[in-house]
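Undergrad: Listed here are the chains, written in short residue letters.
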Amino acid sequence: MSKNNNNTYRKRKNWTKKNQKKEEEVVKEEKKKQKILRRKKRQKEREELGEKAPPKLVQITQEMTRLPDLTTVVPNDPEVLFSEKTDEMSEYFDKKKKPKICFTTTGNTKVRSPDLIKDLIQCFGNSTFFARRNYKIPEIVEYCNNRKYTDIMIISECNKKINGLIHIHLPIGPTAHYKLSSVVTRSQMKHVPKKFVQYRPELIFKNFSTRLGHTVTRMLNSLMPHNPQYKGRRLLVFHNQRDFVFFRHYRYKFESKEKTSLSEIGPQFTLKLRTVQLGTWDTNHGEYIWYYRSKMGSSRLKWFL
Amino acid sequence: MIQDDIIWSCVGENFCCFKAKTKLETFCRNRYNLSGICRRKLCPLANSQYATVLEHRGKCLLYMKTIERIHTPNKMWEKIVLPDKYSDALKMIDEKLQYFPKMTINKAKQRLTRIRQYLMRMRRMKLTVQPKLVRVNKKVERRERKRENRALEVAKIEKSINNELVDRLKSGLYDGFYNFDQEEFEQMLDKIGAKYEEEEEEKEKEKEKTGGSTFVIDEEAENEMESWGKTPKIWDMEDLVDDDYEKKMKKLKKRKKGKPKFEIEFEQEVNHQQKREKN
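Chains as they are written, first to last, in the numbering used here: chain A, 1 to 305; chain G, 306 to 584.
The set of hints was computed from the structure by calculation and includes no laboratory data. Beta carbons are placed, not taken as given, at the ideal position from N, Cα and C, and that holds for glycine. Each hint should be verified, as a subset may be incorrect.
What the hints assert, rightly or not - In the DSSO-like style, the derived pairs of lysine-lysine whose C-alpha atoms are separated by at most 30 Å in a straight line are:
| # | chain 1 | residue 1 | chain 2 | residue 2 |
| --- | --- | --- | --- | --- |
| 1 | A | Lys190 | G | Lys451 |
| 2 | A | Lys194 | G | Lys464 |
| 3 | G | Lys437 | A | Lys179 |
| 4 | A | Lys136 | G | Lys437 |
| 5 | G | Lys475 | A | Lys206 |
| 6 | G | Lys464 | A | Lys253 |
| 7 | G | Lys443 | A | Lys179 |
| 8 | G | Lys496 | A | Lys257 |
| 9 | A | Lys28 | G | Lys451 |
| 10 | G | Lys444 | A | Lys17 |
| 11 | A | Lys32 | G | Lys461 |
| 12 | G | Lys475 | A | Lys85 |
| 13 | A | Lys161 | G | Lys437 |
| 14 | G | Lys464 | A | Lys195 |
| 15 | A | Lys195 | G | Lys461 |
| 16 | G | Lys444 | A | Lys28 |
| 17 | G | Lys437 | A | Lys272 |
| 18 | G | Lys443 | A | Lys272 |
| 19 | G | Lys451 | A | Lys32 |
| 20 | G | Lys475 | A | Lys253 |
| 21 | G | Lys461 | A | Lys179 |
| 22 | G | Lys443 | A | Lys18 |
| 23 | A | Lys160 | G | Lys437 |
| 24 | A | Lys118 | G | Lys451 |
| 25 | G | Lys451 | A | Lys17 |
| 26 | G | Lys496 | A | Lys231 |
| 27 | G | Lys464 | A | Lys190 |
| 28 | G | Lys461 | A | Lys161 |
| 29 | G | Lys437 | A | Lys118 |
| 30 | G | Lys475 | A | Lys257 |
| 31 | G | Lys461 | A | Lys302 |
| 32 | A | Lys161 | G | Lys444 |
| 33 | A | Lys194 | G | Lys461 |
| 34 | A | Lys22 | G | Lys451 |
| 35 | G | Lys464 | A | Lys32 |
What the hints assert, rightly or not - Rough simulated footprint, nothing fancy, chain A against chain G, three-plus residues with beta-carbon under 8 Å:
| # | segment |
| --- | --- |
| 36 | 452 to 461 |
| 37 | 465 to 471 |
Put together the whole structure using the sequences plus the hints.
TA: Spelled out as structure tokens, the structure:
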């Protein structure tokens, strides 16, 4: 046994986790200080040089270095417009069909889902909740079609946590399976009114750039009633960032022409797309348009929405 | 028979590769064992006359072993396909195992029934859709949670909503719903109010003269309103009141309960000089 071997495995004197953390903090503070010094230097230089100063350093974000997607939608693409006209959701956009939603759960869950479902029923109008009593999903689809529903939302739960959402668009429409996370219901939020007048809300969809993103927006759009009432000042937001779709529900107020103030009502959750199927929910023989591949060829900067 | 005893003394009491010992029981892992327990009468090695029922691809087969074929292990077990019908299969077992000990017959029949039951269950399950159990990969979950938090920080949702709404305002979606520049609005109102007061005074004077009511159209006021732009829509007070506002007011009221109430009395200054003058 040489001396070198021993040294590599010997811990330093007075080593504990606390001390390690302290050392790390000290190093961090030093780094911060140096960063500030560098910034001040640059500012000075810029002032001195004036116009000849080198351009400002731009922070390289992940959004900048995102891997380009073949399916990003160019605005006013005739192909996309045509395919959207002949879509499963086109009936909604032509204002021939009004949305009618059916909410259920997986299994006979009673722990967390009813809260969320109550909030969502208030959020979207014209929807009803049915208890799931060991009916299989193809059966549910059949019954809903008979009663002319347009959408089914199935909320799944595991270990007392809401973790999934299946959105089936009827009669033949696509199904989307999402992963729900960081769910905050209205009962958990403070300063939230118990009731609010259900004016038809406005919608905001942000950062959906690819074809997949567009289909997802159309599906989510088909849940809402037509003709938003601007008088109500109610907003539903689906904001996509790095493949996470953040859902928020606000009431807004214009304080001036440049500024709005928002007050949050309604539930709050994030969606992550897992699969999209062409027809209704069928795991055996269904045709998948897209599913999330965790290992094969997906890097941190590759986003699909 | 002697051979069987010798085998059992070697296998049953000493080592057997098919034996699995637990605290309560010893089991036999041999494929041909009738019930999986290691016992003298149930051991397929230590019985020269033996029979079992085994299942292959949904079909039940009767395996028989006789003394005549012990020396050829390749051809030791005779396979007989049992009929699909349960009662016929039982009859066949009775027929074939006529001269076998009763224990083997009973055990074989029991084994048959059990096999048939689980085959039925398998067939039924294939028709229905079974829930698929998916693994929860801790690493992946942790990674996704962190990415979600970072994405939230980067998203700046409220800022983007603000920009979106302002753009919509500029594009003209909300025409007719809002009025800005409150100062100008109030100035306009003041102007209109002042004019209205003047005209009222004129009206009163006219009334005194004429002694009747006259109705004059305020053309000037109308023109001013039109020139300013679109006619402002006045909201209901209900819309203006925040839902939070009511809660805040309630809270304030609650706090004030503790404090003592006190009234303020105003004394009227009496002009004593005037009084004296009058008097």
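Undergrad: Hint by hint, where does the structure go against what was stated? Just the numbers, ascending.
TA: none
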